[in-house]
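Chain residues, written in single-letter form:
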Amino acid sequence: MEFKKFLTGLQGIVGEANVVFHHDDLLVFEYDGSVDRGLPYAVVFPASTDEVSRVIALAYGAGVPMVGRGTGTGLSGGAIAPPGAIQIAFPRMNHILEVDTENRLALVEPGVINLNLDTHVRKFGLRYAPDPSSQRACSLGGNIAENAGGPHCLAYGTTTNHVLGMEVVLETGEVVNLGSLARETVGYDLRGVFTGSEGTFGIATKIAVRLLPVPESVRTFLGIFPDVESACTAVSAIIENGIVPAALEMIDALTIQAVQKVSDAGYPDDAGAVLLIELEGLQNEVDEIGAEVEAALWDTGATQVRAAESAEEREQLWAGRKGALGALGSIAPNYFLVDGVVPRTKLAQVLGQVAEVSKKYDIPIANVFHAGDGNLHPCLLFDERQPGALDNIVAAGAEVLRICVDAGGTLTGEHGVGLEKKEQMPLVFSEEDMAAMISVRDAFAPDNALNPGKIFPDGVQHTHSAHPAAPGMTV
Amino acid sequence: MESSLGDRLVGLLGSNAVVPVDGYNVDGLTPQAVVRPGNRLQVSEVLRWASAEQVSVLPWGGGTRMGLGNVPRKADLVLDLSRLDRLVDYQPADMTATVEAGVTLASLQEQLAPGGEFVPLESELSSRSTVGGILSVGSGGPLAHAYGLPREWLIGVSVLSADGIATKSGGKVVKNVTGYDLNKLYTGSLGTLGVIVEASFKLLPIDREAGALMASFPSLSSALSAGQKLLHSPAAPMGYQSVTSGASRRLQDSLNAASQDLGLGDPETALSFAFYSGRANATARRLEEGAALLLSAGANAVQRVEGPASNGLLRWITDAPSEMSPRSALMMKLSVPSKAAPSTSAESSDITLFGNRPEQLADPGFGTIRLFWPQAPGGAEEQPFLDAIKQTQQIAHRYGGSAVVEQCPLPIKGNIDVWGDAPDSLAIMRRIKDKFDPAGILNPGRFLGGI
Amino acid sequence: MAQPATGLPLSGFSGPDAPAEADLYRCVHCGLCLSSCPTYVETALEMESPRGRIALMKAVNEGRVEISPRIVSHWEACLQCRACEAVCPSGVPYGRIMEHTRAQVKAAGLQSKELRRVSRFFLQTTLTHPWKLRLGAHLIRIYQRLGIQKLLRLSHLLYLLPGGIAKLESNLPPMGRKFFGPSATVHPAQGEKKMTVALLSGCVMPLMQGPTMEATVRVLTRNGCDVVVPKGQGCCGALNAHAGDLFNARKMARTNIDALMAAGVERIVTSSAGCGSTMKEYADLLKDDPEYSAKAARFGEMTQDVTELLVGLPFQAPTATVNRKVTYQDPCHLAHAQRITAAPRTILNSIPGLELVEMENSGLCCGGAGIYSTTQPALSQRLLKRKMDSIDATGTHEIITANPGCMLQVEQGLKARKMPGRVRHVVDILDEAYGLE
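Keeping their order, the protein sequence lines are chains A, B and C. Residue 8 is where the first sequence starts when you use my numbering, and the numbers rise one by one after that. Residue 660 is where the second sequence starts when you use my numbering, and the numbers rise one by one after that. Residue 50 is where the third sequence starts when you use my numbering, and the numbers rise one by one after that.
Source of the hints: derived by calculation from the structure; they are not laboratory data. Just so you know, not all the hints are guaranteed correct.
[To be verified] A partial selection of chain A residues facing chain C, derived with a Cβ cut-off under 10 Å: (1) V50; (2) C145; (3) K268; (4) G333; (5) D390.
[Said to hold, decoys possible] Some chain A residues well away from chain C (every beta-carbon gap over 10 Å; in silico): (6) Q18; (7) G118; (8) R217; (9) D277; (10) D306; (11) P433.
[Unchecked claim] The list that follows gives simulated cross-link-like pairs (lysine-lysine, DSSO-like), each with its CA atoms no further than 27 Å apart: (12) A:K130 x B:K998; (13) A:K130 x B:K888; (14) C:K336 x A:K130; (15) A:K268 x C:K107; (16) A:K429 x B:K861; (17) B:K1072 x A:K429; (18) A:K130 x C:K155; (19) A:K268 x C:K336; (20) B:K998 x A:K213.
Since the model is a prediction, treat every value here as computed from it, not as a measurement. Cβ coordinates follow ideal geometry from the N, Cα and C atoms, glycine included.
Extracted from the complex, chain A is given alone in its bound form (with noise of 0.2 Å):
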């Protein structure tokens, strides 16, 4: 098909203003949080599933590849256009439908933003627990992709735990829907696989996630540690003690340099990690498991132990950590984050391996990480105007998964294979493995027209540049 006849059966179906092609515009959606690029060939702002399902219909006959895109804030490369791809964006389909109390539900658009989401059910007590470090920008849509996390899925679980349904709409512009209201459905479970599934199955229009009762009580407590070692004995101690708490987070030295250097959160400068626990529940219950983790915490050596309470006061001790990431751009001006994930006992052996990797490298390597549930997020820092520093760093962070997997780990505990790990998959999975995934992909999008190229090994490495034209399209 003529690319300009495409073109215009896209505007005639969302109208002309909700395409993007022109080029200079496309410029702004090539990139995610990420190391990686890609130019789509246009970006389609549908207003409704009828609208999803004709411009998805539209692309899979002209044989255009698409990719579902939230607000581009994925670590993984998921949202990246492959070649030849368009985007389908949803910031016109970002309303909350429906705030059900009774059933502590809310059906949403996938591009409401989880923070809104979480910020508007609060008024009626309850809260959306999948809470990524960007969910002040991050989409719904994009959550279900990629299985979003957050500090507080130790208690709660991760977003899969939290979607009960959606309508999704298939490669060929079907629409399906999957799960229900109910908890609990008969069939396979495809919403269970669907998400997580990094927008190859499909794209979610609709999604009906549960939403929690927001506790009575909240504590967080902040340890101060002299190493990152003595702040691994203290998450053991604490898990130890039959505690989970609602999060578990630890920042390491470097990672408290950069935090202090952009603004003051309140880190000694010789401070070697920074320990985060949040505790959620009735007030007494916080209040006995609290004075636990404080005593853990100094019998596991920890110079510094503060407490809050109150929201504002919380708010403080989780600046540095939330703030963590953008802080690392004023050591280096690109991080690449690993998103690797090691059992519990193996934290602190594994950190020690990591630090080898950076002298190994000459890398700095920054960690901020969830260390109750073991994902750690080694940050490997450079500046990617340097040239072959990319590849160095590539080189450095299989190493540091090879590391993570050989501890009884894996690669990725939130973010998503994406296109950055695909390359790694077979440090995990067998051919065999990998074959059964792709033939659950096989049933939902046998033309593998959604976000193909991404998750799977190919040979194909990182792309920093605009892609080429696609096959078959002529401009």
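Got chain A sorted already, so can you dock chains B and C onto it with the hints?
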């Protein structure tokens, strides 16, 4: 004449692995052979062979839920996995455990207890139910409001495909988005996509204190609406179950002393149970506030049950459907949005079978309602069953839920899809089944839509 | 479809005023700025987000694309409210980058027609010459009294003032009956003298909000400050800098540094948030000026917003009661650029009887943003609508803020909606409370 299936299996695995077929009936069908492999490799060999020979395979755990699902199209070979019962890996500090599929839930909990932890799976007859079976069924129990379904706790699974190839998904860490989440696909697939041989779980610490409230209400509907109030309060329990008086009769026998103050004489009376656990102070506060709330919400009387007695109560209510089974002609399980539980329950109570209303076991928090129509003399006529099933399914569908026939006379079972109407995603499910089991040998016909 | 200009020689930015690479590449495109950006919140378009605008700057810088009218349109749609800067975890100096980018656009002659017009008739011609502004204001005052519409329509005088008034001449903000201005007078401190401060008179404010300027003088003297309003000073140059007219902005900065520092005061104070933020950053503006860079740095350190100064003194809490409900609108250049949100609230909360009802998204720009309401009327009006909805929801009829641009914009919003209410500066209500004692 060709040698029997059993003989050929003896040739394949040795005589130890092949056991007599007695007691292995599925929906009245006796398999030609039963094989009980001693390790994963043998399971793989059986499957590879069965796949090549077009022999249908019915995976078997503890055999407690083999009545679930449609009548199999073919039942050549039962694959008993009970010898695969090792705890493979357990690190208390990681709060994860990896087990073989044939281990029973009770045995697993016993092995985890010294580490101060447990796996939040719930199942009837836990001393017989195996982990593999629980995953295949995918259902929860009385504490589903707090723990959800097995899908929430499974972090990794090793599966042998229909042709015996080993695959895995997930891993041994508690947070993992590497590759597609096939754990979710296998959980609740009733063994139609592969044979689960090993599973890894996220664990929880055993709570220090446990307690329960037992309350009698003038009616089931008042018990359910009180339950919803309780579940939406700060004194929310881990689970809340209400039963009709007929269903609770056996409980009255077993807990006679405890329940005599509850005034359970009236046949309209319903009994509710609210289960709590946690730290001592918080549990005490919840029990106290919960009791007051139930009284103000219309309970006739409320009783506190503490310590081990509350665990006994929980076990009784968990096993209640199995207890009810021999006396029931028809058992159905409805899953609806929690808000719809009271009306679903009320409307279902009017559906009679041979003049009998159903006894009920209802969970207004999770939205599960189980209906038990008692056996009636001369009740073999087909149409009344079909009518009752249809009416029940209509109610569930109207509230956006589903209704599954868990037990009914065999002749009727052969004429219906026990899972009810198929959702519009059935075509995708069929395609998945075709990809995973192209020869169609795994539990053929038992699943939704004849998968 | 145009293809990226890869392989071509770098066009990029050039000259001394190019946005610094170190600033640009500090952005790791994490996207955390998105939800704080008013134009992104309003349009949900990446092109209208801080991250998108920086990506375009990087693309230009890398020679992947040339500055095009389309790219300029996204840059010009930026309010320069700097809300993104306040939430940026990487500390990207967005305001500075955008000013330099606009300077590049201006140098390349690629400014939009609207911005060029406002630049020519207002920024470069009028603001740089305070007497012209005063003359214009006088004429408008006469016009408002006599209705000499023809006179105005024939002239370019409508461009003298911001606020979208060229299109809304019937809605022209009323000129103050009395203009404020620099003089040789020293307004003496009442009671014990704590310090001498020089007050920036500014451009628009003394003409349209003369009473607020007088109130500023009164609350300062009341709290122990000798106040001078030195002659020779002019407009702070903020609007010029924002529009990329760094040449004039620098000229104006030097004029003010000379005039205000010559007064030998301890502090330089302003009741205009926009001016304060620019004055605090004169050092940035004049960093390559060997004669002025050190002075500019000193000047920046001496500069304080009036609310900041008052709270730091500390000021005397009024004793009289003002039994009213008010809401507070955070001026962008106070809240985001200067990170001052507590001081104005401290002052309001100190007034007995006054109830402060917070509005939703107080820190989200009202769409005033200097000349923005004139150059981007459509987006400006959408943001104003959002702001008026938030104000409406508070149920208060008195909106307090701390910047002349916000005051004009919200006043226009009230008028357009026929909402009852009035807009006042923090010092107005503090002055009122003192007056009741």
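Tested hints:
1. V50: Result: holds, 8 Å to nearest chain C Cβ.
2. C145: This interface hint holds because 7 Å falls under the 10 Å limit.
3. K268: holds, 8 Å
4. G333: Check passed: Cβ of G333 (chain A) comes within 2 Å of chain C, closer than 10 Å.
5. D390: holds, 7 Å
6. Q18: holds, 14 Å
7. G118: violated, 7 Å
8. R217: holds, 23 Å
9. D277: holds, 22 Å
10. D306: holds, 33 Å
11. P433: Since the minimum Cβ distance to chain C is about 29 Å, P433 (chain A) lies beyond 10 Å and the statement holds.
12. A:K130 x B:K998: Given that 27 Å is the threshold and the Cα spacing comes to 20 Å, the pair holds.
13. A:K130 x B:K888: This hinted pair holds, its Cα atoms lying about 19 Å apart.
14. C:K336 x A:K130: The given pair, whose Cα atoms are some 49 Å apart, is violated under the 27 Å limit.
15. A:K268 x C:K107: holds, 24 Å
16. A:K429 x B:K861: Status holds; Cα separation ~26 Å.
17. B:K1072 x A:K429: Given pair K1072 (chain B), K429 (chain A) is violated - Cα atoms ~47 Å apart, limit 27 Å.
18. A:K130 x C:K155: violated, 47 Å
19. A:K268 x C:K336: holds, 22 Å
20. B:K998 x A:K213: holds, 20 Å
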